Amino acid sequence: MKDNQFFKKVYQVVLQIPIGKVTTYGAIAKFLGSPQSSRMVGWALNKLNCIDIPAHRVVNRQGLLTGKYHFGSTSLMQQLLENEGLLIKDNQVQFLKNVFWDPNKELN
DNA sequence: ACGGTGACCACTT
DNA sequence: TAAGTGGCCACCG
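Numbering (our numbering), first residue to last: 3 to 110.
Derived from the structure by calculation, the hints contain no laboratory data.
Remember, it's a predicted structure, so these values are computed and weren't measured experimentally.
Each hint should be verified, as a subset may be incorrect.
What the hints assert, rightly or not - Quick list of the computed label-pair ranges, beta carbon to beta carbon: (1) Q96 - Q7: 33 to 39 Å; (2) Q38 - E84: 30 to 36 Å; (3) F97 - Q18: 16 to 22 Å; (4) L50 - Q81: 16 to 22 Å.
Unchecked claim - As a list, the in silico DSSO-like pairs of lysine-lysine whose alpha-carbon atoms are at most 27 Å apart: (5) K32 - K107; (6) K10 - K70; (7) K11 - K49; (8) K23 - K49; (9) K107 - K11; (10) K107 - K23; (11) K10 - K107; (12) K32 - K49; (13) K32 - K11; (14) K70 - K32; (15) K23 - K99; (16) K70 - K99; (17) K23 - K70; (18) K99 - K11; (19) K91 - K23.
Glycine included, each C-beta is placed from N, C-alpha and C at the ideal position.
Model the full structure from these sequences, guided by the hints.
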């Protein structure tokens, strides 16, 4: 698969997210070199919804858990995040700015 | 083979 | 200030 690189990078980035931190689809997309292809990131995670990838640490720009319905249980994603010390309210990560982890800044 | 769709984001009315 | 629309690229029916 030629898009393996895209997947791989998403995979790598998500795996590098520290505990208690989250990133956004847009940030990852930008890191991949296609700032406009944030949809692909979500799509990639959808296909890579393996347990090996902590996709629960990836949220949208507003911090909303938009992909929670793809985790099987809507509460699972929230539980996982809360378990990492994050505060979730109304399907949204509180203090997102505080726990935001930017791959472009942290990874290079 | 083709069109619709998607875990989104940013710019333009 | 809020709502609408375009763009991105791969998968599924």
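Hint by hint, here is what the structure shows:
1. With their beta carbons about 34 Å apart, Q96 and Q7 fall inside the hinted range of 33 to 39 Å.
2. A beta carbon spacing of about 32 Å between Q38 and E84 agrees with the range 30 to 36 Å that was offered as a hint.
3. Distance hint for F97 and Q18: a CB-CB separation of about 21 Å, consistent with the stated range 16 to 22 Å.
4. Remark: the range hint 16 to 22 Å for L50 to Q81 is upheld by a beta-carbon distance near 20 Å.
5. Proximity of K32 to K107 is assessed by CA-CA distance (about 11 Å); at most 27 Å being required, the pair is judged to hold.
6. For the proposed pair K10 and K70, the alpha carbon gap of about 22 Å is at most 27 Å, so the pair holds.
7. Of the pairs offered as hints, the one joining K11 and K49 holds, with about 14 Å between alpha carbons and a cut-off of 27 Å not exceeded.
8. Taking the CA atoms of K23 and K49, the gap is near 22 Å; set against the 27 Å cutoff, the hint holds.
9. Proposed proximity of K107 and K11 is supported: the alpha carbons are some 15 Å apart, at most 27 Å.
10. At roughly 14 Å between alpha-carbon atoms, K107 and K23 fall within 27 Å of each other, so this suggested pair holds.
11. Our distance criterion of 27 Å between C-alpha atoms is met by K10 and K107, whose separation comes to about 19 Å.
12. Taking the CA atoms of K32 and K49, the gap is near 20 Å; set against the 27 Å cutoff, the hint holds.
13. Restraint check: the Cα-Cα separation between K32 and K11 comes to about 11 Å, which is no more than 27 Å; the hinted pair holds.
14. About 22 Å separates the Cα atoms of K70 and K32, which keeps this hinted pair within 27 Å; it holds.
15. Simply put, K23 and K99 have alpha-carbon atoms about 10 Å apart, close enough for the 27 Å limit, and the pair holds.
16. For the hint pairing K70 with K99, the CA-to-CA distance comes to about 20 Å; that is within 27 Å, so the pair holds.
17. Between the alpha carbons of K23 and K70 the distance comes to roughly 17 Å, so the proposed pair stays at or under 27 Å and holds.
18. A distance of roughly 23 Å separates the Cα atoms of K99 and K11; the hinted pair therefore holds under the 27 Å criterion.
19. Among the hinted pairs, K91 with K23 is consistent with the structure: their alpha-carbon atoms are about 16 Å apart, no more than 27 Å.
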